[in-house]
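Kindly generate the complete structure, drawing on both the sequences and the hints.
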Amino acid sequence: MSDADTAMEFGRLLGPLRRAVLRRTRTAEDLPDLPEAQIELLRVLAAAGSATPREVAERLRVAPSTVSNLVRVMTATALVERGPSGTDLRTVRLAPSPRALELLNQYDRASTGALREAVEALRPQSRDALRAAIPAIAELLAEMEYKASS
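Numbering (full-length UniProt numbering), first residue to last: 1 to 150.
The hints are simulated quantities; they were obtained by calculation from the structure and are not laboratory data. We put the CB at the ideal spot given by N, CA and C, even for glycine. Be aware that one or more of the hints could be misleading.
Stated by the list, open to error - Computed spacing ranges between beta-carbons, pair by pair:
hint, residue 1, residue 2, range
1, Thr27, Arg99, 16 to 24 Å
2, Glu120, Glu55, 33 to 41 Å
3, Thr91, Arg131, 43 to 51 Å
4, Ala76, Thr112, 38 to 46 Å
5, Ala121, Thr91, 45 to 53 Å
6, Arg131, Arg19, 19 to 27 Å
7, Pro84, Ala136, 42 to 50 Å
8, Arg127, Thr27, 20 to 28 Å
Encoded structure:
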């Protein structure tokens, strides 16, 4: 298989795999149907503790207006808390609510469990191949993030 074929096949599988994990996770724990964009925004805020909308947009590589729209919905559902910046009163700081952090923990536990069950159901050769591919996938992610920031 050529590099182009590998890239095409890998790209074709990523979206459905991600959606399958989310679907199974939500079903297993009866979790709310949060859009993936909201989950990613919460992950950025959880990792940072708090951030400005501009910082979130840069980390997610999306337009500031996209972050504004997400934050509007997420503050209404008590997932994101808005507060003033300690250094600039014109700037807003965003933080995940305690409820959002608990939901992220539930999603992570459920998705890990769902993935573990699926991996355990694979043939031994497939499990070994998946384990062996993890460093390459991590390197691919780093390369994709590097190219996006250049």
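Going through the numbered hints above, which ones does this structure break? Give me the numbers in ascending order. 4
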